[in-house]
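*Asks:* Based on the provided sequences and hints, a complete structural model is requested.
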Amino acid sequence: MQEEQRRMYELEYPAPVVKDDSTPDNGPTMIVAMNGYADAGQAVEASADHLKAALENRQLASFNNDELIDYRSRRPAVTIDHDRTVEIENTDLGIKVLRDNSGTPFLLLSGPEPDLRWEAFTDAVVNLVEKFDIKNTIMLYSAPMPVPHTRPTVVTAHGNSPELLNSMVRMESTMMVPGAAALYIERALDKKGRRVAGYTAHVPHYLAASPYPSATLRLLDSVASAAGLNIPLGSLEADVTRVNQQLEEQVTNSEEIAGVVHQLEEQYDAYMERYRSRHPQAIMPGEEHMPTGEEIGADFEAFLAGLDENPDILSEEIDDREDNYGREQGPGSDMDDDI
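Following UniProt numbering from start to finish, the sequence shown increments by one per residue and tops out at 339.
Hint data in this document are derived by calculation from the structure and do not stem from the laboratory. Just so it is clear, CB atoms sit at the ideal spot from N, CA and C, and this is done for glycine as well. Don't take each hint at face value.
Calculated lysine-lysine pairs in the BS3-like style (CA-CA distance at most 25 Å, straight line) [stated by the list, open to error]: (1) K52 x K19; (2) K19 x K192; (3) K135 x K191; (4) K192 x K131; (5) K131 x K19; (6) K191 x K131; (7) K135 x K19; (8) K19 x K191; (9) K52 x K135.
Label-pair distances were calculated between CB atoms; the ranges are [as the list claims (entries may be wrong)]: (10) Y13 x Y71: 23 to 33 Å; (11) E237 x R274: 27 to 37 Å; (12) N166 x K52: 21 to 31 Å; (13) I283 x A238: 19 to 29 Å.
*Replies:* As structure tokens, then:
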């Protein structure tokens, strides 16, 4: 088994730090974003590319392409400059350690979905999850759906961990889908009792073949909320605004397209209304998370604990507020007269 795993991947040496020293008992999150399956709007591949471009990262493990990739079924693009072969498209499949804007480490498994040896690949990934004591594994998917681009992008969640599903929209039906390496990993981690979830962005079916940054943004925002990561999303928000403006122009110039979009809007609104009635606590797409009573109570207890550790903090805060207020009002104000 160990020899098989050595053939399947190679670990970097020295390996980058995987766990946060401040919380040694709290394992990291791993995001799985392999391109080639369920990637409508190129949202999954774009998610991986955005994370690697926006955040500090180091290689942790590299998988053996010769064991996993069928080059004849997905021939890498080769650049020939005059009489020299100068570049071959990158098809690396591996795991990187990234750090979010707060310095928290997390892992990213990205690259092409393997063509071959899914079971051996799954065993290798599960071995790495156990080796580095990964707490949460989140798979990213993106599927074409009969939804309009004029409504907030839906991300549905499935998995075995209430913490990772939280109040997200759930799929409420049984379905049969084509197999994928990521789904094999999901099943294997579930059998091992490891926390795992899958997030699927719903992309308007008429935009599935084009880049759709709204899906990328919602996938990464969902991951950030569930895993407590501080991921920079500003550039994606700008991309969403730009693409939405382009789509609005196209819809305005075509009555036929406008009619189709209107029908999809009615279907979307009706479904969301039914879902809301069945799940009143769910956070619907486009809504902000409202803290529960338990979360408010926990925050208040933490605040009181901080006062116990530093009893002068409250008096200092009050003094600061009084000083600021005095500067804002100034001498001779109506409030001074009232006092």
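*Asks:* Hint by hint, say whether it matches the structure.
*Replies:* For each hint, the structure was consulted:
1. Only pairs whose Cα atoms come within 25 Å are accepted, and K52 paired with K19 is accepted, the gap being roughly 19 Å.
2. Taken as a hint, the K19 and K192 pair is honoured in the structure, with Cα atoms around 21 Å apart against an allowance of 25 Å.
3. Between K135 and K191 the alpha-carbon distance is near 15 Å, which keeps this suggested pair within the 25 Å criterion.
4. For the given pair, K192 sits about 13 Å from K131 by alpha-carbon distance, which is consistent with the 25 Å threshold.
5. Distance check on the hinted pair: K131 and K19 sit about 12 Å apart at the alpha-carbon level, within 25 Å; holds.
6. A distance of roughly 17 Å separates the Cα atoms of K191 and K131; the hinted pair therefore holds under the 25 Å criterion.
7. Restraint check for K135 and K19: satisfied, since their Cα atoms lie roughly 10 Å apart, inside the 25 Å limit.
8. Distance check on the hinted pair: K19 and K191 sit about 24 Å apart at the alpha-carbon level, within 25 Å; holds.
9. Our distance criterion of 25 Å between C-alpha atoms is met by K52 and K135, whose separation comes to about 21 Å.
10. Between Y13 and Y71 the Cβ separation comes to about 28 Å, which falls inside the hinted range of 23 to 33 Å.
11. Take E237 and R274: their Cβ atoms lie about 30 Å apart, and the range 27 to 37 Å holds.
12. Taking 21 to 31 Å as the suggested C-beta distance range, the pair N166 and K52 conforms, at roughly 26 Å.
13. Under the hint 19 to 29 Å, the C-beta atoms of I283 and A238, about 24 Å apart, fit the expected range.
Taken one by one, the earlier hints all hold for this structure without exception.
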